[in-house]
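A.B. asks: Sequence:
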Amino acid sequence: MTPDRDAPEAVAAPGLRERKKERTRQALSDAAVALFLERGFDAVSVAEVAAAAEVSKPTLFRYFPAKEDLVLHRFADHEDEAARVVAAGRRAGTAPLDALYAHLLDGLARRDPVTGLCDHPEVLAYLRLLYGTPALVGRLHAYRVRSEAALADALAAEGTGGVDGLAARLAAGQIVTVLRVLAEENAARIADGETADAVEADAVEAAGLAFRALREGLAI
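Under the numbering used here, read the sequence shown as residues 16 to 235, first letter to last.
Hints are all accurate, no fakes.
Straight-line C-alpha distance at most 25 angstroms; calculated SDA-like pairs for lysine to any residue:
id	residue 1	residue 2
1	Lys-82	Leu-151
2	Lys-72	Ala-157
3	Lys-72	Ala-42
4	Lys-36	Arg-161
5	Lys-72	Asp-84
Treat the hints as calculated values from the structure; they're not laboratory data.
Based on the provided sequences and hints, a complete structural model is requested.
C.D. replies: Have a look at this one:
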């Protein structure tokens, strides 16, 4: 599960050293995920991953502090994605919810795995590994906490019409939860045998409903 990172803003190209480090990091993650898919996360040791990638354990730990990070690396590009979308939207004069909604619809159309609307066999196998391993689910929660904090910072950014700290944290919590629930609904239907094409219309409708609720407040 390595979706393309369609950054909503221009960034400087990384240098040669950074590119080499990222290639090494990706190779380590790929080797680990292949072993975990074959034998199960708990049945594979860090030493075996290092051997498969032809590096030492100390080298592996320099790139990935924990075994779980070898799997969650595939989410790394998305950790601050919502925050980046909000920041880029503000620069373009777009309100945060409008920018996030448009980004979600684009992700659904591209079958971005992070939206749950992807039926590629490799993605489905990865998601089964992720959600079927308690240690990985726990690590994923930490990723979501960081994603929420980054979004709250973007919503509260001074000089951009941001809201105060508490309001930003409340809004970020709701937005991140909405995106998670939408993705999980799509992924669950596909895991039950439906195709992404069959689910798409309902996924788009659910996204519209969810963002209307965010804009108007919950009617409960």
